[in-house]
Amino acid sequence: MVTLSVDQNRYACQQGETVLDALLRQNINLSFACKKGTCHSCMVRSADVTPPQAAQSGLKNTLIKQNYFLACQCYPEQDMVIKLPDQSEFYRMGTVVVNKLLNRNTILLVVAFEDAFEFNAGQFVNLQRSDGLTRSYSTANIPQQSNTLEFHIRRLPGGKFSEWLHDEVSVGDSIAVSEPRGHCFYLPERSDQGLLLVGTGTGLAPLAGILTDALANGHTGPIHLFHGSREREDLYRIDEMRQLAKQHSNFHYTPCLSGNDVPDGFAAGRVNDIVFSHIPDLKNWRVFLCGHPEMVNQMKKQVFLKGATIADIYADAFLISSH
Amino acid sequence: MSATLYEKIGGEPAVNAAVDIFYRKVLNDYRINRFFDNADMDKQIAKQKAFFTMAFGGPNNYTGQDMRNAHANLVKVGLNEDHFNAVMEHLGATLTELKVPSDLIAEAAAIAESTRNDVLGK
Ligand SMILES: Cc1cc2nc3c(=O)[nH]c(=O)nc-3n(C[C@H](O)[C@H](O)[C@H](O)COP(=O)(O)OP(=O)(O)OC[C@H]3O[C@@H](n4cnc5c(N)ncnc54)[C@H](O)[C@@H]3O)c2cc1C
Ligand code: HEM
Ligand code: FES
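Line by line, the protein sequences are chains A and B.
When we follow our numbering, the leftmost residue of the first sequence carries the number 1, and every step to the right adds one.
When we follow our numbering, the leftmost residue of the second sequence carries the number 1001, and every step to the right adds one.
Don't read these hints as lab results, they were simulated from the structure.
Careful, some of the hints might be misleading.
No farther apart than 20 Å at their CA atoms in a straight line, the calculated lysine to any residue pairs in the SDA-like style are these [claimed, not checked]:
| no. | chain 1 | residue 1 | chain 2 | residue 2 |
| --- | --- | --- | --- | --- |
| 1 | B | Lys-1043 | A | Ala-317 |
| 2 | A | Lys-301 | B | Gln-1048 |
| 3 | A | Lys-100 | A | Glu-150 |
Chain B extracted, bound-state conformation (with noise of 0.2 Å):
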């Protein structure tokens, strides 16, 4: 059997390290930190891995409907397109940072780009 693509980005080391990564990044954008300005860090960054086990087909099955609940209320105050764009910019800078192939960049990307209708709402 081939090696899914979370094993060959490297499993829950290569999360730990995207997330320490991307939550900065996050933290740092004006345009989407208020989404993310939630008192409890711990919550935060378990959800960052979520979000990271996810985008490398990892093994947390999520369902569309999922994605739905987990941005609902986001959507209700303000989360469009541009946003999304965003997420899909730290992510991709993220994993350019961390040096993984191009190609593996890519399918996380298809990844996460296949859920925008759900996470916005559509």
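With the rest of the complex left out, here is chain A (with noise of 0.2 Å):
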């Protein structure tokens, strides 16, 4: 067991506990989303030992030189003092500008900032709320077009953060943003190279971010785009994605339902089967896989198998965390 300072407080962290369980336990407020390294909203530093790698893997080394680790990846070694930092330094102010549906349980949100906003299209940031609750979600657009940032959100039934979006924010509104985050993007480079974008539900957020900035980066190579869900009325930009099909030769559009009311114009089945039917041979092809994490890890593995190298595969696993 090791003892753990915030603020001249001391808690104990048992052994195999990290320091984020063991503060939750002892009712210290920290924010947290996914409890797996992902989302960074877990933030802390370390006032005076280093602390140990693996809490710190994934960070920009500007934040690791100031001990700044991830409280969910940290299995303390030593006892350690910790200074939960001031969210302020992470997040932004920014406005909601739109919140409309996209189909019955998807809304489009449109945040704007009053400077330009840097990211790569296709990486996440996290949502955070005044009294600290914290998720991730993707970006849809690209970061040319103006200084907003676009979501799709999916109405969880029952899930505290999604449903407080859909039911209770409305444009004016102001809302706190993180830095961007992520490895999921394109990047220009090989244009002549396949894409295969592969999204279920609001995976195709930060598909259409992706896809806009290769279209707009001049890619030759062919995209395929499938987005898969059970239901036609759980899809969405259907028309959209047709509409972009017509007008780039390379882009390829397959909308894909796993229920049993196929019509026409549809591929029936899960994406997983369907993208291989299409596609048998993904050597020299660049993979983004997002959304629903069991298809996404399911994919990663027959995308790696079916030829594609594990530097050209990108993934954004939608994990939703039980709290």
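Using the hints, build the complex out of the two chains.
Okay, structure coming up:
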């Protein structure tokens, strides 16, 4: 057992317990969202010792030097003095300018900023409510458009953050937005390479950003987008994507439905199966996978076995942590 | 000071290239793929990197005890000499595919071979 000190108070951290769990257990209000080391919303700073290496994995060098670390990934090896960072260090305030339905359970949320918000299309940010509740959401637009960020947010029945965004947040409200994070984005290189984009549900959000970015950069290789859900009513932007496919001869769009009712123009089945019946060999392809964690994890292995190299597979699993 | 095997083979980029080829071979080999059928591919890849860094005698200080522990659960579900031989086969084939000179392949194989008893819990 080691002792954690925060603001003159001391807290026990048990063997096998993370700093985040230890502090939450003792009613310290720390923000967190994924508990997997992905979202970085639980970042804190050690005021004395160097944090364990595993707790700094994925952080920028500048933050590592200052002894910042992820509380959810830290099994402390010795006593630590911990500074809870002032959240304003990492968050900017934006104003909601659009909140409207894209389909029966998904909204389009657009947040505007006074100055440019720098990000790569497809990265995600953490949104934070004034009580500290934090969740990760992917950006759906490209940075060149305006000083805004676009999100697609699905209502999870009983979900604290998504229901709040759907039911209580309206145009004119302000909301705290973190720095952009994640590695799932397009780099303008090897422009003749095939791009495979596979998403389920709101997994379309980052893919829409990546697609717009690739087209804006004049990507010449084939770009295939597969968007899956159970029912037609849970897909969205179908007409827009079809329109885009008409305008760009290298862009191909396949909406996929895994339910029983599959109208003309839709592929029947799970995206996993449909993708490989269209593109059996993925050698030299660049692959983007976003959405349901199970789909993302299975597809990662499958696309690798079909020939994509590890370095060419980009993925964001929309983990929902159980609290 | 003369270059280490790890440096001669090409350091981290060589490890990454080797993992790509090796992991595909392993997942396609019905004799051993059940041992690697873990849902989390990123974790598996991190372990494959550890495997190659070690086989190249690189900066990763595993002890025999660590190798025992890392594979103890696999031994419980039947890991045996045949499986070990299959992995050795894929190691050699991977490095050949990467055009690593044969004397360096032999060095890497000898390092891997030296862990046999620990890996198999003997
Ligand atoms: C990198 C990343 C990017 C993301 N991007 C997006 C995005 O662009 N759009 C988007 O909508 N979401 C996205 N998410 C998911 C998002 O962060 C939230 O997890 C989601 O909105 C739910 O939060 P909530 O507060 O509404 O639910 P919570 O209050 O957290 O409720 C979750 C509860 O529901 C339970 N639960 C888990 N799965 C289900 C299920 N399928 N149905 C019902 N209950 C369930 C859990 O056990 C848990 O108790 C992303 C997640 C990550 C990690
Ligand atoms: C040839 C000699 C071998 C060497 C040098 C070796 C080396 C390693 C190393 C360094 C790790 C990572 C340990 C860790 O940090 O957790 C590891 C894990 C693993 N090895 Fe080996 N290995 C060998 C043989 C084998 C064989 C024959 C199999 C099965 C056919 C195997 C299956 C695995 C698996 C499945 C893991 C991951 C275990 C886990 O998930 O915890 N290894 N090995
Ligand atoms: S990184 Fe710690 S909660 Fe997400």
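Item to check | Numbers of unmet hints, in rising order | outcome: Structure breaks no hint.
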